[in-house]
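Protein chains: 2
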Amino acid sequence: MITHAERMQKKKEVVDRKIAAAQVERGVLVVNTGNGKGKSTAAFGVVARALGHGMRVAVVQFVKGRSDGGEEAFFRTQPGVAWHVGGAGFTWETQDKERDAAAAWLAWKVACEHLRDPGVGLVVLDEMTYAFKYGWLDVAAVLAVLRCRPAEQHVIVTGRAAPQALRDAADTVSDIAMEKHAFQAGVKAMPGLEW
Amino acid sequence: MITHAERMQKKKEVVDRKIAAAQVERGVLVVNTGNGKGKSTAAFGVVARALGHGMRVAVVQFVKGRSDGGEEAFFRTQPGVAWHVGGAGFTWETQDKERDAAAAWLAWKVACEHLRDPGVGLVVLDEMTYAFKYGWLDVAAVLAVLRCRPAEQHVIVTGRAAPQALRDAADTVSDIAMEKHAFQAGVKAMPGLEW
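Residue numbers (this note's numbering), protein chains in the order written: chain D, 11 to 205; chain L, 11 to 205.
Honestly, the hints are just simulated from the structure, not real lab data. Honestly, I wouldn't trust all of these hints.
No copy is singled out in the list; a pair is fine if it fits within one copy or between any two copies.
Claimed, not checked - Restricting the straight-line Cα-Cα distance to at most 30 Å, the calculated cross-link-like pairs of lysine-lysine (DSBU-like) are:
1) 74 x 190
2) 190 x 143
3) 190 x 119
4) 28 x 198
5) 28 x 119
6) 20 x 190
7) 20 x 198
8) 119 x 22
9) 107 x 119
10) 107 x 198
11) 143 x 74
12) 74 x 20
13) 143 x 107
Please read these numbers as outputs of a predicted model, since none were measured by experiment.
When you get a sec, could you build the whole thing from the sequences and use the hints?
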């Protein structure tokens with residue numbers, strides 16, 4: 011009979027072999043997509059992680075629903091964080107396509123500055139996928155810039171319905187499905203949890 | 011022909027109606043599960059969000075792989091955060107079932123203190139699902155305590171393979187699928203991104 015210790019020893023060997031095989035060190039392109047909760051917050055969690063390693067971080071938000079979000083209030087006070095809000099709001103709030111497109115373009119110009127700065131270890135392009143969905147930005151042009159970024163720089167793109175070209179270019183893609191949501195049961199978007 | 015502004019106006023009405031219908035205010039139980047990246051980091055992002063609203067936060071980690079993680083280094087320096095590391099390590103590292111079970115139990119005792127403190131707005135039970143998987147903790151007993159927590163307190167449980175009883179009890183469940191991972195392409199776990 012195989013004991014617990016033997017089973018775990020075998021598992022440890024498998025894990026150790028995989029770790030030994032992964033030796034490339036470079037910046038990683040991550041995409042957090044899907045309809046579930048956690049795409050942006052997972053990126054913000056990595057912001058905290060990167061700051062814990064003394065890295066400089068830039069966050070560019072392409073779509074902005076409210077100006078009193080907790081993460082913005084918190085991270086703006088942290089040294090090493092550049093936080094930019096580029097979007098004019100959700101497009102069904104503004105109902106002005108030209109203004110939204112111009113706002114996305116301005117956000118992208120800010121992002122480009124960070125994407126050529128080797129001193130920035132992590133760039134978060136929050137809710138950027140909407141800019142592709144609504145045709146505000148061209149995915150091929152964005153990918154060309156991402157490929158030219160400093161070799162050690164990590165980038166996280168968040169938002170629903172990431173285009174296939176972006177998924178193909180990414181190193182890591184997480185697809186977050188919503189199994190259920192408190193909102194469906196009539197619970198209001200709660201401060202400190204949802205915003 | 012329907013214009014962009016008309017289409018967006020209609021979408022705005024639908025969204026506004028849904029928001030108007032969700033009026034319950036209370037603490038929410040969130041479960042971040044699945045095999046993809048972002049379960050813990052999404053919880054850590056919510057930690058930042060909650061701190062931005064001036065809330066006190068407790069994080070209890072049930073499984074601990076390394077002691078030099080960026081999120082721990084970062085959040086330990088933040089006022090309002092209690093950070094506890096309860097686990098002894100991944101079980102295939104320790105190969106000692108009794109020690110792991112005892113460590114999980116100690117972590118749970120610490121969690122219980124926060125789960126009865128109305129001054130704590132958010133409790134993160136990080137990687138807690140492994141404690142159920144390996145039989146270190148009983149899910150029914152844990153759910154009983156979660157149901158008795160202060161009414162305004164949010165709880166986030168993370169980890170692979172959340173048991174069905176936990177999913178049923180949760181208000182919000184996000185299932186994070188791994189579409190691909192840089193590790194598969196031989197990229198090392200990078201500081202500031204993976205730990």
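Against the structure, the hints come out as follows:
1. Both within a single protomer and between protomers do residue 74 and residue 190 lie at most 30 Å apart by alpha-carbon distance, with minima of 24 Å and 28 Å respectively.
2. Proximity of residue 190 and residue 143 under a CA criterion of 30 Å is satisfied in both settings, with 24 Å inside one chain copy and 22 Å between copies.
3. For the homomeric pair residue 190 and residue 119, the shortest alpha-carbon distance between copies (29 Å) is at most 30 Å, but the shortest distance inside one copy (36 Å) is not.
4. In the homo-oligomer, the alpha carbons of residue 28 and residue 198 lie at most 30 Å apart only across protomers (10 Å), although the nearest pairing inside one protomer, at 44 Å, exceeds that limit.
5. When the C-alpha separation of residue 28 and residue 119 is checked against a cutoff of 30 Å, the pair qualifies neither within a copy, at 39 Å, nor between copies, at 34 Å.
6. In the homo-oligomer, the alpha carbons of residue 20 and residue 190 lie at most 30 Å apart only across protomers (25 Å), although the nearest pairing inside one protomer, at 37 Å, exceeds that limit.
7. In the homo-oligomer, the alpha carbons of residue 20 and residue 198 lie at most 30 Å apart only across protomers (22 Å), although the nearest pairing inside one protomer, at 47 Å, exceeds that limit.
8. In this homomeric assembly, residue 119 and residue 22 come within 30 Å of each other (Cα to Cα) only across copies, at 28 Å, whereas the closest approach inside a single copy is 46 Å.
9. In the homo-oligomer, the alpha carbons of residue 107 and residue 119 lie at most 30 Å apart inside one protomer (19 Å), although the nearest pairing across protomers, at 53 Å, exceeds that limit.
10. For the homomeric pair residue 107 and residue 198, the shortest alpha-carbon distance inside one copy (29 Å) is at most 30 Å, but the shortest distance between copies (42 Å) is not.
11. In this assembly of identical chains, residue 143 and residue 74 lie within 30 Å of each other by CA distance solely inside one copy; the values are 16 Å within and 39 Å between copies.
12. Proximity of residue 74 and residue 20 under a CA criterion of 30 Å is satisfied inter-copy only: 20 Å between copies versus 48 Å inside one chain copy.
13. For a Cα distance limit of 30 Å, the shortest separation of residue 143 from residue 107 inside one copy, 12 Å, qualifies, whereas the shortest one across copies, 50 Å, does not.
Violated hints amount to a single one, hint 5; each of the other numbered hints is respected by the structure.
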